[in-house]
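Chains as they are written, first to last, in this note's numbering: chain V, 1 to 152; chain D, 1 to 491; chain E, 1 to 331.
No lab work stands behind these hints, which were simulated from the structure alone. The beta-carbon is built from N, C-alpha and C at its ideal position, and this holds for glycine as well. Hints are not guaranteed to be accurate.
To be verified - For the chain E half of the interface with chain V, some residues (derived, Cβ under 7 Å), not all of them: (1) I25; (2) V286; (3) G322.
Claimed, not checked - One side of the interface only, derived from the structure: several residues of chain V facing chain E at Cβ under 10 Å: (4) F51; (5) A110; (6) A111; (7) M114; (8) K115.
To be verified - Keeping only pairs whose Cα atoms sit at most 27 Å apart, straight-line, the calculated BS3-like set for lysine-lysine is: (9) D/K138 with E/K28; (10) D/K186 with D/K146; (11) E/K193 with V/K94; (12) V/K54 with E/K193; (13) E/K48 with D/K146; (14) D/K264 with V/K94; (15) V/K94 with E/K28; (16) D/K438 with E/K290; (17) E/K48 with V/K137; (18) D/K20 with E/K48; (19) E/K48 with D/K152.
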Amino acid sequence: MSEQFEPVIVGFTCNWCSYRAADTAGTARVKYAPNVRLIRLMCSGRMDPTFVMKAIAGGADGVLITGCHPGDCHYIEQNYKALRRFLLLRRTLKGLGVAPERVKLVWASAAEGMKLAHEITQFVEEVRALGPLSWPKWNENAIQSEPIKEAA
Amino acid sequence: MATTNRITIDPITRLEGHGKIDIFLDANGDVANSYFQIPELRGFERFCVGRPVEEMPLLTNRICGVCPEAHHMAAAKAADAVYHVDPPRTAKLLRELLYMGFYATDHTTHFYALGGPDFIMGPDAPVAERNILGVIHKVGLEIGGKVIQMRKYGHTTVEIIGGRKVHPATSIPGGITKILSEEERKQIEEMGRWAIDFALFSIQAFKDIVLANKTYLDLILGDIYTHRTYYMGLVDENNKVNFYDGKVRVVDPDGNEFVKYAPKDYLEHVAEHVEPWTYLKFPYLKKVGWKGFTDGKDSGVYMATPLSRLNASNGMATPRAQEAYEEFYATLGGKPVHQRLATHWARLVELLYAAEHWVELATDPEITSPNVHRVPTEVPTEGVGIVEAPRGTLTHHYTTDERGILTKVNLIVGTTNNYAPIQMSTNKAARNLIKGGKATEGLLNMVEMAFRVYDPCFGCATHSLPGQMPLEVTIRNKDGEVTEVIKQFVD
Amino acid sequence: MSDKPKFAMYWASSCGGCEIAVLNIHEKILDVDANFDVVFWPVAMDAKYHDVEAMEDGSILLTLFNGGMRTTENEEIAHLLRRKSKILVSFGSCATEGCIPGLANLFPVSEIFDVAFHTASTDNPNNIHPVTSFEVPEGTLTLPALNPTVKTLAQVVDVDYYMPGCPPESHQIAAVIDLVIQVLQGKAQLPPKGTVIGAGGSTVCDECPRTRNVKLIKAFHRIQEVAPLEPTLCVLEQGVPCNGPATRSGCNARCPRVGAQCIGCYGPAEGVLDYGARLITAFASVIDAKEPEEIEAILDGIPDPTGQFYRFNLADSLLRAGVSNWQKNGH
Chain V
1 MSEQFEPVIV GFTCNWCSYR AADTAGTARV KYAPNVRLIR LMCSGRMDPT FVMKAIAGGA
61 DGVLITGCHP GDCHYIEQNY KALRRFLLLR RTLKGLGVAP ERVKLVWASA AEGMKLAHEI
121 TQFVEEVRAL GPLSWPKWNE NAIQSEPIKE AA
Chain D
1 MATTNRITID PITRLEGHGK IDIFLDANGD VANSYFQIPE LRGFERFCVG RPVEEMPLLT
61 NRICGVCPEA HHMAAAKAAD AVYHVDPPRT AKLLRELLYM GFYATDHTTH FYALGGPDFI
121 MGPDAPVAER NILGVIHKVG LEIGGKVIQM RKYGHTTVEI IGGRKVHPAT SIPGGITKIL
181 SEEERKQIEE MGRWAIDFAL FSIQAFKDIV LANKTYLDLI LGDIYTHRTY YMGLVDENNK
241 VNFYDGKVRV VDPDGNEFVK YAPKDYLEHV AEHVEPWTYL KFPYLKKVGW KGFTDGKDSG
301 VYMATPLSRL NASNGMATPR AQEAYEEFYA TLGGKPVHQR LATHWARLVE LLYAAEHWVE
361 LATDPEITSP NVHRVPTEVP TEGVGIVEAP RGTLTHHYTT DERGILTKVN LIVGTTNNYA
421 PIQMSTNKAA RNLIKGGKAT EGLLNMVEMA FRVYDPCFGC ATHSLPGQMP LEVTIRNKDG
481 EVTEVIKQFV D
Chain E
1 MSDKPKFAMY WASSCGGCEI AVLNIHEKIL DVDANFDVVF WPVAMDAKYH DVEAMEDGSI
61 LLTLFNGGMR TTENEEIAHL LRRKSKILVS FGSCATEGCI PGLANLFPVS EIFDVAFHTA
121 STDNPNNIHP VTSFEVPEGT LTLPALNPTV KTLAQVVDVD YYMPGCPPES HQIAAVIDLV
181 IQVLQGKAQL PPKGTVIGAG GSTVCDECPR TRNVKLIKAF HRIQEVAPLE PTLCVLEQGV
241 PCNGPATRSG CNARCPRVGA QCIGCYGPAE GVLDYGARLI TAFASVIDAK EPEEIEAILD
301 GIPDPTGQFY RFNLADSLLR AGVSNWQKNG H
């Protein structure tokens, strides 16, 4: 049986809603794909596009950002900031050749454990279908791959 | 397997970026062939695709930091053409005024520090004297200060209108972002008037030192740097030299008009030839065809330099420059002039025109008008912008989508026009100077003079002080053993 | 033989603007001559590569190195000058962050050739591309190869100081030269290795004379849609994308002073890890909308975010290149 590609997903989850949703899913023993490495932020508004760049540069095949529903943010309006950043980030990544589907923003409340689990599992399958991203490790000390001797 | 001897001059210096010349000798030690290679390629025509067209005056600045103003203007005009918008008159005046400030600086730098020393001191003057210091000793101590002053004034003009001395920022599709104040206008006018005096002084210096000296005059009129090619330059509706706008006029080696085309028609007239041993291409006249590296009416090779512009025109648009132009041709025996060393003189005629036009523009009643921009209303499509860079005709051709995002870019850059002539000139100089396997001392300077005449995109305001030009030429026999090494100022 | 300390300036894949910026210190260039022995400066004098090779390691006190690492030759000379220099300064945007030619990292290098040698005016029926080694009847001609990505100087050799700017402004260059001369005279100390010199520690906004209020942008505009700008109000506040908020100070906000936006040529401000990411945050924070559709409509006003945010900085960013660049190159 051929080895299936297991996407590496980094998930930035807000403390108040979506992290608790993940907890809820856990205590309810709801299964969801184990590919996501969760990183808890106090708020989705803490999501700095630098984190996403770093995740991709570090080898992530996809990045998931989760936060409270618009209007429910524990810090009032910061999830809107996350939304605006996310939309502009996605466009910028597209210009770098990263398929927009590799970065996803999901709203989930603390009670929506099942929903979150479902979103995660679905996202993993979406990224699996896209294939590995495998961003190069730009290691300064390594010898760069063969310079192009002939262009055509 | 090669069995010829080989002389490599690497790197060529005083060229934008890098270049090297390989000279191959035959069994008799005479020159079999030489190749002038350009070893760099950055890919502007590829990576500008996907960028908004209004960024091109800023992005293409970075093609050349010595003449970013030229790219800035060509890009602005091409972007205007893409949007089918005609900028208000004040915007064009301001762009052209910036451009004249730049031209004056650039031509000054080249004449006094780059090409001038060869002339003013003579090619057989001691190497230690063939630089700006030698010029100062010969022409006067104040000259160094004047050259710095001219550069300052020119760059200050660029800075006032363009925001910065290097890589101006203010031209956009439809006009310019900067409104000139009366105080700034006055300052620019004063600097322009000084520039006229400086240009007249420079022409007089040239006449006193170079033309009055038979040896130098013989050198200028001699055959070693002479090529009979086509000549190209931008002209206004009266066929007078214009750096900023007009049509491209080409005259044949006999001086007769061969073609005069509008920028949008350039593809019918100019094509570029590719060789596998260099990253730069060789433009040629399409209707004559590429016949290799030769001169003459049957070869599509053309030149685009100050000399070309004078040859391709019927005169200068300002009075004193016109006098200088007439004297130029009277002295050199009529039009067209084929002796490439005369380019240094032609450059001074252009310096005078730039200074006079600088004052004309600075005293135009509309130059301080706030009407500096016209918002484009048409859907952007495609456009061509052509200006004269100091080193030659500069063509920018852009195609965009309906949002003005670039889909295609083609650039034919100033010095590129002259690449075939540079290859030919260095080849001719090498053949004339290297005989029987011996490279004379004269080679070291005269090969440099062959390409320097074209002012290859880069000139520098100072030579090395105190004037040592280290250069090493290595001659190997066919077994690769070193038979002779000629050095100057290399320890 | 002079006993003045040795000075060198070199251009790798460069436009020459850094050289002109140095010359625009005008009379101060004589201070350079008075205090240093200029041993290698291809724009100004004809010392050759093997003259540098013949010098003792570490014998050049100060080398200003501008230009990016585009070709194998650029990298070779970077290694050479690192060996021969005591202090190596990454001078200007190309050396420090890749600058505009770094945008080539968005595409595979092969596409540079595909385009350059097949433009509308290029006559190339036999599909000739230049090659690194070519036999002519008389012998072999060589060209350096283009590396798969444009790299910065620090990605290739150890760098002592960074001087940002495209080009660094002449008053900043003059200040650095003054500092170095003072150090030579024992009157000042060199800053710690790795310091960014010749620039400020804040952002362009700090030097900008325009008034800044709370920004609530309902639309981003292309500058030709709204020029000339209102002269006293913040450029970004007028809806024109201006990179001032994340760009290092030091240039005196020249471009906003003449009615143009800051395009970011001084590189990231102090403490910024990824310049583009920082700009995304800055621009997102001024958008006055909550609904995704409305936000997307406003973002349509920036048609090329990748170029807007990485214009000068791509080669030094976290991601460094676009997918098609490295995927085709076989990573």
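Hints versus structure:
no.	hint	verdict
1	I25	violated, 33 Å
2	V286	violated, 9 Å
3	G322	holds, 4 Å
4	F51	holds, 8 Å
5	A110	violated, 22 Å
6	A111	violated, 23 Å
7	M114	violated, 24 Å
8	K115	violated, 19 Å
9	D/K138 with E/K28	holds, 23 Å
10	D/K186 with D/K146	holds, 21 Å
11	E/K193 with V/K94	violated, 37 Å
12	V/K54 with E/K193	holds, 26 Å
13	E/K48 with D/K146	violated, 31 Å
14	D/K264 with V/K94	violated, 34 Å
15	V/K94 with E/K28	violated, 47 Å
16	D/K438 with E/K290	violated, 79 Å
17	E/K48 with V/K137	violated, 36 Å
18	D/K20 with E/K48	holds, 11 Å
19	E/K48 with D/K152	violated, 30 Å
Comparing the model with each numbered hint stated earlier shows that hints 1, 2, 5, 6, 7, 8, 11, 13, 14, 15, 16, 17, 19 do not hold.
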